Amino acid sequence: MLRKAARYPIYIGLLSGCAFPSQMSAASHEAIMDAIRAAELSAHNSWVLISAALVLMMTGPGLALFYGGLVRKKNVLGTMMHSFCLMAVASVLWAVIGYSLAFAEGSPLVGGLKYALLRDVGMEPNPTYAAGLPHLTFMAFQMMFAVITPALISGAFAERMKFSAMLLFMVLWLLVVYSPLAHMVWGSGGLLNAFSGGLIPCLDFAGGTVVHISSGVSALVCALVLGKRLGYPHEPIRPHNLPLSVAGACLLWIGWFGFNAGSALSSGGLAASAFVATQLGAASGALAWMLAEWAHNKKPSTLGAITGAVAGLVAITPAAGFVFPIHGLIIGAAAGLACYLMVAKAKARWGYDDSLDAFGVHGVGGTVGALLTGVFATRAVNAGLVDPSGAALPLGWIDGNAVQLLRQLFGVLVASALAAAGTAILLRLVDWLVGLRVDPEDEIRGLDLALHGEEAYSLES
Amino acid sequence: MKKIEAIIQPFKLEEVKQALAAAGVGGMTVTEVRGHGRQKGHTEIYRGREYVIDLIAKVKVEVVIPDDRVDEVIDAIASAARTGRIGDGKIFVTDVIEAVRIRNNERGQAAL
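Respectively, the protein sequence lines represent chains A and B.
So for the first sequence, my numbering puts the first residue at 1; every next one is plus one.
So for the second sequence, my numbering puts the first residue at 1001; every next one is plus one.
Among these hints, one or two may not hold up.
[To be verified] Here are some chain B residues pointing at chain A (derived, C-beta under 8 Å):
#1 Glu1044
#2 Arg1047
#3 Arg1049
#4 Tyr1051
#5 Leu1055
It should be emphasised that the hints constitute simulated quantities derived from the structure, not laboratory data.
This structure is a prediction, so every number in the text was calculated from the model and none was measured.
Just so you know, even glycine gets a beta-carbon here, dropped at the ideal spot from N, CA and C.
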């Protein structure tokens, strides 16, 4: 009843408009159109605002729990603090200047300062990015991506990095790597932006390059520059609480609907398509890793299943709103297998210590997803890319546009190169300024006590 | 007086407690411990990395009893804790010089 009542004025307006077109004044026609636009904006806005909140939930508590359970119990607070603190730091930075560097008009490589301090970012839509949403909603949705991306990197240097160095590095990383890359892929006039006349048009629906390849490759550089944890790999460094990680992975999975389906920036069919693709990617990623591990090690582990789900989610991210949802099964499974081989086989051979496999899951899964987007993207799902006459252009290989695969590869290389070079230089700078690693005594005592002056589990109290 | 320390499989604690109660042993101290004898642990695999866990969770039951009941109590514990497989645990017997009941300062066997 309530719903009917709410729709009533528009209904009457439409009826009268259809029944007596000749009598309808231009003014009343305009009023009806305004009411329709307001209703549409309201519908899109509610979904994207909820999506923004879901994406924030991926960082806290999702990632904080996922990573927190994987470390030793002396480092669980220090690890959760990375994710939680970045919820605050990245939000501040985004409002002050990050959003502007990513989304204001600028060069193909980085945005300008027009939106610094959220100037001109208000309740009116910004048609460049989302004509159906308040500009503030778009900004807030993107803010949550800027929160989770650096938090993903923290898995690589868990259990050994100074808190001060982490903060300084992340602030610089957001400005030097994240915002420019987001501008190149999604920003108006960006180098890789397929929808805005980019030189090399790449397809990245929800952040395969911007979020996952950038964080994954940066994570690998962090692991290499910081070096191994004391005792790795000859001492057992086991997850201290896998149930926390299971809870975290489930929250990531749920939050990912906001990440991918929210990236439709609307609440219609495209959001639904991305939603289903996301679910299928996660599911087949979990099964692929679990079965591979079962065959290899004789036991299907919980940690394997949840890691596979995250790998599948990472890979479906760039593809979600471009592919038939059923192809999410192939993309998720490919990522589950590729990430399993990377984490369980290649990492041991190469001997780097990416503590929580940020590279193995996000770098590898992101690359698999970016390339397979070039294969499976189709205009039958997303007709957003049009020629001057308004006809939808072919997207991926299955549309007969095989060259897209090369463009995707180019996008992967640009994102990787920027992330690797930026991270390597910034880490040197931070090392010179404050030092990257905690003292060996503090590392042995644990970061919770040494850096934060508290313990996670004091059962006597 | 003798102290009997029995290191047993955690899942056998309930049966050992019942056996001790049936044998008329009034008190005991139970601790969760880790260690290994010949069993030498097990392997765990996390994301493909294999760890040998050589210290295994066990339960230690300690009782102090009069000298003449040692064999009877050892038999009660051993038969309750035995599965016949590696990892069933061990029993150690030591001399106890003195016992004190803190509440009323009773000494010796009266304090047990």
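Verification of the supplied hints:
| no. | hint | in the structure |
| --- | --- | --- |
| 1 | Glu1044 | holds, 7 Å |
| 2 | Arg1047 | holds, 5 Å |
| 3 | Arg1049 | holds, 6 Å |
| 4 | Tyr1051 | holds, 4 Å |
| 5 | Leu1055 | violated, 10 Å |
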